[in-house]
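Novice: Now for the letters of each chain:
Protein chains: 2
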Amino acid sequence: MNTWITLYTLGIGGFLRRVENLKRDVAIISVGSTRFGEHWDKGIKDLVWEAGIQAVEEAGISGRDIQYIVFGNMSGGMFEGQEHVGALVADFLGLNPVPATRVEAACASGGVAFLHGYMAVASGLYDLVVVGGVEKMTDVESVQATEILSAAMDYEWEAYFGATFPGVYALMAMRYMHQYGLKPETLAKVAVKNHYHGSMNPLAHFRNRITVEDVLSSPIVAYPLRRNDCCPVSDGAACVILAPLDEAKKYTDTPVKVEAVAQASDTLSLLERRDICTLDATVYAAEKAFAKAGLERKDIDIVEVHDCFTIAEILALEDLGFCRKGEGFKLYEEGETYVGGKLPVNTDGGLKAGGHAVGATGIKQIVEIVKQLRGEAEGGRQVDGAEVGLAHNVGGSGATAVVTILSRR
Amino acid sequence: MNTWITLYTLGIGGFLRRVENLKRDVAIISVGSTRFGEHWDKGIKDLVWEAGIQAVEEAGISGRDIQYIVFGNMSGGMFEGQEHVGALVADFLGLNPVPATRVEAACASGGVAFLHGYMAVASGLYDLVVVGGVEKMTDVESVQATEILSAAMDYEWEAYFGATFPGVYALMAMRYMHQYGLKPETLAKVAVKNHYHGSMNPLAHFRNRITVEDVLSSPIVAYPLRRNDCCPVSDGAACVILAPLDEAKKYTDTPVKVEAVAQASDTLSLLERRDICTLDATVYAAEKAFAKAGLERKDIDIVEVHDCFTIAEILALEDLGFCRKGEGFKLYEEGETYVGGKLPVNTDGGLKAGGHAVGATGIKQIVEIVKQLRGEAEGGRQVDGAEVGLAHNVGGSGATAVVTILSRR
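Those protein sequences? They're chains W and B, same order as listed. Quick note: the first sequence uses this note's numbering, first residue 143, plus one each step. Quick note: the second sequence uses this note's numbering, first residue 143, plus one each step.
Just so you know, these hints were derived from the structure itself, not from any lab. Careful, some of the hints might be misleading.
Because identical chains cannot be distinguished in the list, a pair is counted as satisfied if it fits within a single copy or across any two copies.
Calculated cross-link-like contacts (lysine-lysine; reagent style DSBU-like; alpha-carbon spacing at most 35 Å) [what the hints assert, rightly or not]: (1) LYS440 <-> LYS391; (2) LYS399 <-> LYS184; (3) LYS165 <-> LYS399; (4) LYS391 <-> LYS165; (5) LYS165 <-> LYS392; (6) LYS325 <-> LYS440; (7) LYS440 <-> LYS484; (8) LYS399 <-> LYS440.
Please construct the entire structure, taking both the sequences and the accompanying hints into account.
Specialist: Here you go:
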């Protein structure tokens, strides 16, 4: 872990001092996830229960073995009138008095929860930890959902003036198109690819395949982003159970090792950024994660990135270092990001087709990578021989980013 | 730390397995707090800045020395349209790209944030960590504030049917009065004492002294609770900086050692509890904390408990083990909980007079104990020779409880 620490320290201008090693490696021993979509018959509790019980059963443990619970949730308060979601999970899974905490970092709530759970095990504090995420979004009108999601931006400097997330990402897209020559036709290919992948994933929100023409003829939300450039508003929950790596074989034949998790922050508002086409938090988190894992970009077999809008997927691949700034969209001109391509991206359909239950998304990405590394991805979307995967979860327009690297090594 | 772990394991029926030791002891090296009250001219950012800068200056460090930020906030979303408060703190304190996370456990958000910061340092992961809490509550009508706070209960089984927090605590109070013979006159003495203490605290929301008659003649909110049995809705922020104990003297001559922090959960709704006059989460958290600290109740010189309503202070003293169930109110008949008494409780005025900016309250309590242990409590409220203090922070009606023991040893 020393490399990681060194990089972490140097990578952000030397202002983070010495940080000691964590005690031990961590593995994911089981996963669970609801379908993402419109669950009219389910509330937060039902979603958590469905995902949680899958993970507990898959690990072959009893709920009584669990020592700690961390759940990501962006806004149970505004969506459902329900805060205090950590305790709610412990309550509804029958796990009282186990300590249970909700963490929130907007759409990166799941990724941050994963980091907290990872620390709890890696530090030696707890052995068996449930990490999850949940969001119930469809009990409000979609206009209201957009308004609620705006709470992830800087309220005083963005949301108050009427900015919405499609609007903010449209600003990024416009600047990017101007600067690097991206065309809407190429942007559309991100959505086409993600719907294609989603069509093979039984847990995806949208399973229909679409064409470039479908995207370009869908209504404009915030130019250049059209309805088919935007991810849906979804209900869903996902969770994983973590254990020390050296004990993981007790629970599963196919443990997945957590090679690295790294989090970084940036300004909430775009106006303070050095470049609105770059998510610096992603850049920092990726540098830290690769250094800690001791891996290079070419070692990554599959990637789950935070494609809340089509432009976000292109920015992510650049900021993660898979290609240079301004060249990400070229990967889409030749189909390299499909299953079977050089770098399969969002094999579960991503946020666009897989769905975006905001607090659960960071965990859903990890669930997909675990399935791929185990060779268990159904429907024809399995990437042959996948050994190392990366998940990238963003909060807001990039004020939080979490990068996680997993392997079956 | 072994004792703590053992107790933790046994104390809750043996269903928590082995948990390893943390690496090192932790100290509080500095504190900062705004006044709690109605800050019409300040938003979340301004409150965080005011408390944060005090703590950074008192520690004599630069913001660039900070490695991690954890902030408690209950509902920036519903109060202010602002979620993503962790990243907001990093942004507004100029600390990007330092990882920054918001944790939430309703009114125990501050206490849970303190636990997370403690783990980050105790595990050896980070050296200098800022832990804080903030809530900006007065930009909404007070009826709306009550509605927002209801999100800390079980929405489906309590809030949906119109339950409010005064209502829920009134149920507890009615049951307690029936079972143990508590009279409203004695309940009123809790508020009288806390206003007396608050009158000596320049940071308190209310600094007026009141009488038992004032309480008994104030309007009924939910019988037997009257307006003067209820804490106010406050704006405020508080924070502390944590460092490894063995390095704390580099930053301060008066480090305060964190002897223990423990968290437990319970059902959100009252209807599932074995006894609505007992907060089991407090009982469990207290047992763990005392065992870890290797201390007994008689070793505690000052206590800050979560007196969101007068009845809550009485329940807290019982559940923390300072007296038997059903006997807590007798402490108030003889004035033992005043500064100068046998067990001074809520020397800063508690939530009742000190104020209750929900996400900040758990940290505000810790700030008061630090000041007392340093001998720096102004206004005549200093407890002579205070060496060990305990803070008790509750989320909702007891679904989360955090108990922290601090010493100047």
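Novice: Now tell me, hint by hint, if it's right for this structure.
Specialist: Taking the hints in turn, this is what the structure says about them:
1. With identical chains, the CA atoms of LYS440 and LYS391 are at most 35 Å apart within one copy only, with a shortest distance of 28 Å there and 47 Å across copies.
2. In this assembly of identical chains, LYS399 and LYS184 lie within 35 Å of each other by CA distance solely inside one copy; the values are 32 Å within and 46 Å between copies.
3. Taking the shortest alpha-carbon separations for LYS165 and LYS399, both the intra-copy value of 15 Å and the inter-copy value of 23 Å come in at or below 35 Å.
4. When the C-alpha separation of LYS391 and LYS165 is checked against a cutoff of 35 Å, the pair qualifies both within a copy, at 19 Å, and between copies, at 26 Å.
5. In this homomeric assembly, LYS165 and LYS392 come within 35 Å of each other (Cα to Cα) both inside a single copy, at 20 Å, and across copies, at 26 Å.
6. In the homo-oligomer, the alpha carbons of LYS325 and LYS440 lie at most 35 Å apart inside one protomer (27 Å), although the nearest pairing across protomers, at 73 Å, exceeds that limit.
7. Taking CA atoms no more than 35 Å apart as the test, LYS440 paired with LYS484 passes inside one copy only; the shortest distance there is 10 Å, against 67 Å between copies.
8. Taking identical chains as interchangeable, the C-alpha atoms of LYS399 and LYS440 lie at most 35 Å apart only when both belong to the same chain, with a minimum of 18 Å there against 47 Å between chains.
When each numbered hint is compared with the structure, no violation occurs for any of them.
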